[in-house]
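J.: Residue numbers (this note's numbering), protein chains in the order written: chain A, 1 to 381; chain B, 382 to 757.
Hints listed in this document are in silico derivations from the structure and should not be mistaken for laboratory results.
Keeping only pairs whose Cα atoms sit at most 20 Å apart, straight-line, the calculated SDA-like set for lysine to any residue is:
id	chain 1	residue 1	chain 2	residue 2
1	A	Lys24	B	Thr715
2	A	Lys178	B	Ser709
3	A	Lys341	A	Gly312
4	A	Lys178	B	Asp456
5	B	Lys477	B	Met643
6	B	Lys449	A	Phe124
7	B	Lys551	A	Ser2
8	A	Lys236	A	Ser86
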Amino acid sequence: MSEMWLNMGPQHPMTHGLWNLRVKIDGEMILDVDPEVGYLHRGIEKISEDRHYNEVITLMDRCCYVAGFAWEHMYILASEQALHLSPPERAEYLRVMCEELQRIASHLMWYAAFVVDIGLQSPFLYGMRDRDLILDLFQSYTGARMTYEYMRVGGVRNDLPAGFTDRARQVMDWLDKKFVDYDRLCLGSTIFRGRCDGLGVMTARDCVATGVTGPMLRSAGMKRDLRRDRPYSVYKQLDFEVAVADGADVTARYLVRMEEMRQSVRIVRQVLDWLDHHPGPVLADRLPRWLGAPYAPQGREGYLLKRNYPKGVGFSAIEEPHGEAQAYVVNEGGEHPYRVKFRSPVFANLSAARHYMIGYHVADIPPIMGSVDICIGEVDR
Amino acid sequence: MGGATLFSVSYGLASLLLHALGYILPQPLRAGVTNGNVILGLGVLLFGAILLGASMINTIVLIWWERKLLGRFMDRRGAMHVGYAGLLQNFADGFKLFRKNTFRPREADSLGFYSGPIAYMVTSMIIFGILPISSGWNSGSLPLSLLLALAIFSFAPLFIFVSAWSSNNKYSLMGGMRSAAQMIAYEVPLLLAVVAVVVVSGSFDLSTIVYEQQNYWFWGPLILALIVFVAGMLAETERIPFDLPEAEAELVEGWNTEYGGMLFAFFMLADYLRALVGSILVVLLFLGGWTMPSWVPSAATSFPLAGIAWFMVKTYAVFGLFVWIRASLPRVRTDQLLRIGWNRMIPLSLASVFLAAALVMVKCLPVFGCLPSPGI
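Put together the whole structure using the sequences plus the hints.
T.: Shown next, in the form of structure tokens:
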């Protein structure tokens, strides 16, 4: 076989979404790669300009369908800053709990997809089984398993149902036990180490140069986590470690994500304890009246209310399960955001493919791409 | 079983059928159909039909067994709805594939595209005519049946490569290349492991090899050869951890990417036929075939068709081991696979041959008892 370009995607088992990885191969060696995205572009940023502030939350769930809460949280933080609102403290803790549970669910989804990429079939079901427990928790207080629409500008939609914290603690205990199994199935396997060690290496210098963030950056030994370095919401009050590893390869990314799940369990436990002892409102009582769309004052009264509301700009950066996501919301008065812009971490991680793909084998493409943890919904938006 | 071999059963059946037919036919035709050669011909046909049916049903039940077992390993139930515990699910799946249209890509070479899967299936099935399932199962004693079985078994890469190349698809081609490289690399240790068995038993005849195991099974003294043989069989039947020719993560479906409907079903069935042959060979060569050790109560070994029953139990247990391996190991990479094959398996298999030769020289072992005298 001579050199040839191979289209891996947009319909391909490796892609985990709708995108195309063009690979130039010589036999089994990768000579060049060219990731192509855009198949899932829905124009979410533009659509947001035509929606009420609270209606944009629906779109956030669809931006990243495995980490909907993280994106909701990011958008809410930016738009609250733009609207000069602050939520009650209990709502902030609830949001952090959502985000951390979401991080575990997202990493479990990653684990399930990643092990299938290297041919391990049983842990796929184990990962999905344990992710389902978290989705059950989500369902019990939001009513939905993937697209929650739970957070609101100025708080969250509703409080937790009775007995939730105990159920959540049970799930956390179960997960702590299962993480040991995961490690034994993967790290304990010689074939797994043979497949993953020294694969897809991307140094910290390359990561910084290309804007790669999240577990990929931390796996290169750089201890950067926005929850610690630029604390938002109530992360300052919570006690956790930043997961880092040194290898900069697929195994290191595995280790980082596993450790992050353990740390998230730790955070969720603290938040649950706090929630048990601090009842209170979950939605700010002094919200602008036009934010609640159905009963918003119409006509001239509504117009004046909106026109007189202070303008503002909001920016937020959060540590999403995939990396550092940022949102920028411009409030020019009125019920819609004037402009919304998001930064997707996966877009940067994916665009740097040339740095961590070239020189490996065709059989290495799925594990490397799996270790990047791709969510095309947020790349294309 | 004694004298009632499968062939005598099918011959008797043919004779009965043709005589019944002759009873209702007029005289000149009656003499024609009750002719000895005609009865023999029909007997051979029936023999083949029984083998075909047995092997197909076994294959489909084997798929069910894998699905159920894999389901349990994965913390789920597997097929549940069609038939008792999903036993008929695979028949339904097969029927669905049978009804489906088969497409051929416009650029594909039609001769290779269609003949590849059929030849793959047919050669896999021929092996069943040689394998003794129980005493008196096969038509006659072939002195070199082991060699013949392995020779037919190693046809497969050729047909896989033909169908992969004629599909005119890059993924198929890469899968075909991998498959050819893999099967050729693992053919050598597989055959060397078999040589160890041949050295100890002194025969290439599968029936003789089983009879030699009546005192003790070969897996104990030849444990090294067994390990090499099972690993080689996993590679030959393209099962995890050696399933990279059809690694769905990167190659979509490998060499059968372009196949659908019944042609895909041929590949699927042939894969499981080969897995069945692999398990049967492990049982025949290392686990005593249809014989049972003497400490097993005679009531458990003397009922009608006890040989076949025990043989099937062992075969499905060996296949269960394959499934267990599939459920717990990741897939290796091509270069790792070849390195394992050439650097580890061949030295191991050579060592097992030397070990077997040493065993024959020593003759008696305190643990395993005395070896049969080699009849070479």
